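Student: Protein chains in written order, with our numbering: chain A, 1 to 268; chain B, 1 to 359; chain C, 1 to 296.
Mixed in with the good hints, there may be bad ones.
[Claimed, not checked] With the C-beta cut set under 8 Å, the calculated list includes, among others, these residues of chain C facing chain A: (1) Val-32; (2) Phe-54; (3) Leu-58; (4) Thr-62; (5) Gly-101; (6) Ala-244; (7) Tyr-284; (8) Ile-286.
[As the list claims (entries may be wrong)] A short list of chain C residues far from chain A (calculated; beta carbon distances all over 10 Å): (9) Asn-8; (10) Asp-39; (11) Pro-118; (12) Asp-133; (13) Leu-144; (14) Ile-219.
Treat the hints as calculated values from the structure; they're not laboratory data.
This structure is a prediction, so every number in the text was calculated from the model and none was measured.
The C-beta atom is built at its ideal place from N, Cα and C for all residues, glycine as well.
Here are the chains, one letter per residue:
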Amino acid sequence: MRRGVVPKILLAIYLVALLLPIYWLINMSLRTNEDIMSGLTFWPRHPSFEKYSAIFNDPTWVHAFAVSLAYVVINTVISVTVALPAAYAFNRYRFVGDKHLFFWLLTNLMAPASVYAMPFFNLYYALGLFDSVWAVALAHCLFNVPLAVWILEGFIGGVPREIDETAAIDGYSFPRFFVRIFLPLIANGVGVTAFFCFMFSWVEQLLATTLTATEALPFAAVMTRSYSASGMDWSLLAAAGVLTMIPGAIVIWFVRNHIAKGFALGRV
Amino acid sequence: MARITLDGVAHSYQTDSAETTYALRRLDHVWRQGRAYALLGPSGCGKTTLLNIISGLITPSSGRILFDDKDVTALPTEKRNIAQVFQFPVIYDTMTVAQNLAFPLKNRGVERGAIERRVREIAELLDLTKDLGRPARGLTADAKQKISLGRGLVRPDVAAVLFDEPLTVIDPSLKWELRSKLKAVHRALDVLMIYVTHDQIEALTFADEVVVMKDGRVLQIATPGQLFDEPDHTFVGYFIGSPGMNLVEAEVDGATARVAGQTIQLARRYPKPPAGSSVRLGFRPDYARLSSEGVLKVQVQKIDDLGRRRLARVKLGPHEIFATVPNDAPINDGMANLAIKPERLFVYVNDERVAGEPS
Amino acid sequence: MTDKPINNRAWLLVAPVLAFVLFSALLPMMTVVNYSVQDTMGANNFFWNGDGWFRAVLDPSTESGQRFADALFRNLSFSFVALLIEVPLGVAIALCLPRRGWVVGLCLVIMALPMLIPWNVVGTIWQIFARADIGLFGATLTGLGLHYNDTQDPVSAWCTIVVIDVWHWTPLVILLSYAGLRAISDAYYQAAKIDGASRWAVFVNIELPKLRKVLVLAILLRFMQTFMIYTEPFVVTGGGPGSATTFLSIDLVKIALGQVDLGAAAAMSLIYNLITITLCWIFYTIMTQLDRRRDA
């Protein structure tokens, strides 16, 4: 690692550049629209939380946030649950077609959402799930399930196989072994996986807006609506934007110790 | 350079801890050029700490280090002119063997012709000549360790070569070869070498002098022969030799000792040990024989035939000890007589050997 | 690495994943394939078109072909420029991070923040930030005398999208590189010091080779993500001005959801998907090769 003052300066510059747009958003959110249009200032002269209270008091917004949180949580739970046994199988066994299946999972991880927007629209409409939290939750499984399998497989690889063998000798049935012995060992791996599933589902908006109409509108769609009303309601948009960053910040705080490891996906 | 001096060196990884909990307790020693030293002891005894203090990777909490008469305590590693070989081979993946060996000289601006000559010299010494053009990445672990060593030796003015358990990742079948190679290099270059290990065989075969350490303390610095024949500390007696020294509680008074109700004559006189101290007699199985001339009565429990010699597990009162069985003696269970060579019977008070006076 | 036992009953464990992925991927793709080989005269009247759509899309002289080729070109040049900036920058910042201490945790959390922002909000942030009247970025650039207008000037729009992507995703490269650097044992740095190596020599001879795998991962991930970019340019420029920032995804969605040219859209989707799968295959092959070399 470099020592000395140059790296620290570079790092500081980078962090400032990174935070500046976020700060700007917060700045905008605390000003009224007239104030914004009247001139550019570095910080709000008369900070006001009126847009925040507008959002909290508006059932459309509250509902939208609740919907978004709902499908993200549902998706995370489904993805992690479904991926756990599969990741175990990929790591511990060889079976017919295992490499091909793993590769196919990878392609879904990289699937362009735009390609699937239209087909999903038809599919979920046909299933009667259109415009529901479930449609988005299930649609996001397209990329989140492979992601979960990929990350978990890396963590499972870190647990020695001797543990499985010992448990088998000790007479544990597979489900009991998996739940009582194995899961605690990969607990932080599960945490990291859940974090990534949460993150990728929370940020994805194309599918979320395509598959919903009125009942299950996520916040992104409501934000788009803010465009057509009397000009652009910048401060409302900014306030909504700031609020969407909070769940992310909270989740990242919980996994802060494992971030670097998780990003390496155990494969560095 | 003729010597490295450690003057009152001690080190603790934490601030304000008592001296007894130091990672390395106060040590004064002079390491002489051309000799091979081993730092031997169990994990956590402070040997790696000591090595890193000499190499400059750690600055000691107290004390000074002198290279000849120059105080180098504050000098960083790269300025100390030492070489270090680590536990696992450290080589530059992207370079060939020759480029690896040339690297330290290139960084010091040595001219090309001199570099090539020196690289060839060292490669020949280490049997790496045929691999010079090959990428270092694809070689076996022992070859890579030789390259690591080579990079250290390639600088003609290198003051000392420090080894931190270098044979750890080497295949057991190749360890002997590499050890012999190290000894050959040492003889050829006459350079000071300090070798850290927890394996007594490595230490005793490689070194001219062995530094036995435990819990941050240096227990004894001596030749392998002296360590075997005259251990200064019960741990040294126990750690060296296989099996180690027998230690039995005894009462010592003057030139006699009482063990398990039996009396032994000692070769020297010892003052009465202070009350409450632990007093033990130490003797190696090699110097304790089952023989009809023995005066101690022991009960034979088991005899192990090791080919070259036979080892008996016997009980002297409540104490279980090992003794040698002469090859021509009949094997029998039951009672037997034990003779201990008096010059090799030592008295340890609170684990330290007491010299005593001639009788 | 001991051999793994062969156990075909492992399929039971994999079945739920298989079901989900079949449902999410295969089923929808079948409808796409269906549309791509048919044409319609309207009102559910379909007839076989064979490879007609494919040939149209892949032929730059047709309208849809030209459109596709343009969008593809935009995507490739965008990916190239974005990677050119993000990868060296990411590695450089990772090198600036200290190896230990609480500062590291804090920096990593701050850096991860842009990646947790919903992509439309990223768009919104920069929509505001890049405006000359209310945004710091826009105001600063025009204040410096530069002719900057991201809604009307194609060059500005393009540069803005690149800046957004760099801002948004360089942290991924940083985190990956940092994890890779942390995996390098202290002994290498100590040996290099003893060998008298300069800082640059340490980077070239120790750090870069050890980062090889991580860098491949980072480059491939980022290439694929930039290849599929949709939300941010959509929100900030809407694909404009004109079609300056109309990338493949944006074009595809426009055609599929906007117009009723389902056949062309379906053919485009399949080709787009094929390109992605090929890239995935390259990615997978390189990763397993590197794994194998590492274990050897």
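Student: Hint by hint, which ones does this structure get wrong, listed from lowest number up?
Tutor: 2, 3, 4, 5, 6, 8, 9, 11, 12
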